[in-house]
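K.L.:
Use the sequences and the hints to build the structure in full.
Chain by chain, the residues run as shown.
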Amino acid sequence: MSANGIGASPARVGGIGRVTGSQQYVADIRLQEVLHVKLVTLDCARARIVSIDTSAALQVPGVRLVMTPGELPQPVPRFGPQFGDRPVLAVGETKYHGEPVAAVAAETKDAAEEAARLVRVEHEELPAIFSIAAALYPEAVLVQDPALRPDDPLAGTNVLREHHFGWGDVDAVAASADLVVENTCTFPMVTHFAIEPHGFMAAPDGDGIAVWSTIQHPNWLQKIIAGILGLPLAKVRIFAPDPGGGFGGKQHAKLEPLVAFMALATGRPCRLVLTLDETFQAVRRSSTEVRVRAGFRSDGTLVFRDVEANYLVGAYADIADRTVSKGGYASSGPYRVPAVRIVARSILSHTTPSTAFRGFGNPQPIWAVESNMDEAAHALGIDPLELRLRNLARRGEAFNPGDTPADGDWEQTVRRAAELIGWGSPLPPGRGRGIAVGMKSGPTTGLSYSTVRLLADGSVIVYAGTSDMGQGARTVFAQIAAQELGAPIEWITVVMGDTAVVPYDQQTSASRSTVLMGNAVLRACRDIQAKLRAMAARLHGVDEAQIGVERGVVCLRGREIPILDVLKPGLGRLGGELIGNGEMRRDAEPDHPLGGRAAFYEFNCTAIEAEVDGETGDITLLRHVTVSDVGKALNPLQARGQDEGAAIQGLGHTLMEHYIYDEVGRIRNLGAIDYRIPTSLDLPLELVSETVENEDGPGPYGSKGMSEGSLLSVAPAVAAAVRDATGVVIRDLPLTPERVWRALLDRPTS
Amino acid sequence: MIDCVSIEVTVNGRLRAFAVAPHHTLLEVLRDDLELTGTKECCLVGECGSCTVSLDGRIVDSCLVLAVEADGGEVTTVEGLAQDGHLSLLQQAFLDKGAAQCGFCIPGQLMAARALLELSPHPTIAEVQDGLAGNLCRCAGYQQISEAVLAAAEAADR
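These protein sequences, in sequence, are chains A and B. In this text, residue positions in the first sequence follow numbering that gives the first Met the number 0: the first is 0, and each later residue adds one. In this text, residue positions in the second sequence follow numbering that gives the first Met the number 0: the first is 0, and each later residue adds one.
Note that these hints are calculated values from the structure, not bench results. The structure displayed is predicted, hence computed values, not measured ones. Cβ atoms here follow ideal geometry from the backbone N, Cα and C, with glycine treated the same way. Check before you lean on any hint, since a few could be wrong.
Said to hold, decoys possible - If you want the footprint, here are the derived chain A segments under chain B, 3+ residues with CB under 8 Å:
id : region
1  : 260-269
2  : 678-684
What the hints assert, rightly or not - Below 20 Å or equal to it, Euclidean Cα-Cα: the simulated EDC-like pairs (lysine to aspartate or glutamate) are:
id : chain 1 : residue 1 : chain 2 : residue 2
3  : A       : Lys108    : B       : Glu34
4  : A       : Lys108    : B       : Asp31
5  : A       : Lys567    : A       : Glu582
6  : A       : Lys222    : A       : Glu32
7  : A       : Lys222    : A       : Asp497
8  : A       : Lys567    : A       : Glu543
9  : A       : Lys530    : A       : Glu582
10 : A       : Lys108    : B       : Asp2
11 : A       : Lys108    : A       : Glu32
12 : A       : Lys108    : B       : Asp32
13 : A       : Lys108    : A       : Glu124
14 : A       : Lys530    : A       : Glu559
As the list claims (entries may be wrong) - Part of the chain B face toward chain A, derived, beta carbon under 7 Å:
id : residue
15 : Arg13
16 : Thr36
17 : Gly37
18 : Cys47
19 : Val77
20 : Glu78
21 : Gly79
22 : Ala81
23 : Gln90
24 : Gly97
25 : Gly102
26 : Ile105
27 : Leu131
28 : Ala139
29 : Tyr141
30 : Gln143
P.N.:
So this is what it looks like as structure tokens:
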């Protein structure tokens, strides 16, 4: 291990900008002659738009454009990563609270805000759907026009997609179960609440367009903008500065197409930075009701699992249905289950479009399935840890037929978490412990390219299309280059976030970047190493096969020569550089239910010790243990930051976070006052994060993805600890003091 | 049009005189008029702490202070922490402890932590968590942030 390289924790690349305030996020970028954009929205969910009167707004000094649907190409263009169902502005009727109806561009923010208030939208409020039950009601109004869903047999319903997964014959084996446990758990609507609200800018750029966005997937955005404007990809330049937190909410295009049309209409740069309240209306996680029925033998062996997972997605699909299929698919968990039947539905509603959010559809069924395991443990009189260990898939076991076998020593992870929480040791009265596991299927496809340049002085530029939104991708890629090419990390620059400069990357999601882009960077470095070998062979008159290059040195006839001593004479008087290219590809597998097997699994075990205040229902977390199988922590400090961060984010939906809707579908707790997320005062008294590192992952040096694992099973672990402490069973999140207090009151007196 | 008001504010040690709209906040003026974009904008209701700056020696949410209220005052922003190109002990500790993940909340965290250490040079971890409770971090790097503040306090003694 070198001081900079793999397994070390050098200072974050990009860290100085982050502590000095010089790091430029989208909203910090100043464009000359910019126009400020403000959205026009209605204070209700679903309404028929009768007319839009822009005359008063256009009178406001400084207003340059009021964009209405009528000013857009007709029919109004639609886009989206899965279904192309989201219009640039609401067409005919609004579908959710906060959907933009029009937008103003003006010389100042003040003028844009004033004019937006003066746009008169005559509208008629219509009945709308905000719950799973209402959406599935036979006479329910349809959220989406069936014409948008041609050839879709479900187009006459609010079910966007119904996914069926499983193996074995649940009905046939059910009779052989000694115990059947059934429970239904609900998971609330929660929002990402990145501290950086979403921001978008667009400007005419010669015969093309430039777009700045807080986007996680710049290349996907480039495709969307090119398609909607009819431009070649090469004429759409996406600038994607490091997002100030993403968590999935910034994966896909939202208002960039609108701002692009406004920039083209005015011939001026246009800038739209959402308020936090508007961001709440732009992204959320799907709420769910998940019913689990599972059969066990009296010794605890799982016989079958039958899961029905209903996800309430929003008015437009965004990537929500993919979270439903991926979360539903994995809901049998990391267990050996002979027969599994899963149905997972994405159900449309007149609510904020839900999208990817750390855990990608998995935390919801995991909440239900792990709670079911606890229920079974109690009914069977088996220790909850023991029940899990008994059914956990062992390394190499094909626990999910047709998919990647178990790729880690998961038992080791669970046993370590149990050890760290002191599982089985006596507790004072009023305290309890809970343990739960979480597993998430990693990326199923992937395509990442990287270019690495070794400059004449031995310094290095790495080009990688990943978005560094806090996970520390820049640092990890620099560490890989340092390890392979011998440059000190201070001599390495990592360039991201500009589609005109940086090669294609499919996306920054699914904890993929260390594995997929990391391998592309590694291969680009090894491409350079091959060129160095050829160079050394030429310089020293030896056969290339006798030369090795690794860890920054050239090995030649038993001698180790610094790379620079080969590079300088090799490049000669003109100088120049060596350029390496790397590609990491995981092609789709059309016959697989998800379109591809898991590149890796994220596996985590979370264990909690908690105390419940009987007077207030307040839960105090005395100890929170998270152990994640990461294969190899390339940067242990950053790995810990990701692991702790995901764990605390999991405490958000477990203990406090949820949207509150009123009867007309307005979110009543928009913004930071009424929607609480964990602060420094909401931490467990002790938070212990550990990694299991068996170097058995597909990423560089045996790494696996790891940024979501510790969020997956927080809720069931906390609920199990509450049950252990008090005896009350709660199946609805969040476990607010009021909810816990009511459950304590309702507790049957023995 | 709204009449502007002339104000003078010392920002990061430099006297600045300019005209502001009376309804514009200190945050807007710092970011839009002075182009000091290190101070961040998020909730605009004084709950997230990302716009924290120092005004006349006490920390404020600059989204809740009108720029005219800062007339004649002294403001320090995150851009004023490093001196002559050298990071402050706090900034260095944030880097060393991995406290800055996405980084968006960090300017506010640094300003709050600086004020905390001025009041209490040797805080306990509970005092650090209490002192930074008004600064949200959605990356939830709270432990590493607290460790950085404690490390900076220790470094100041050396």
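K.L.:
Hints broken by the structure, by number, lowest first?
P.N.:
Numbers 1, 5, 6, 13, 15 and 21, in rising order.
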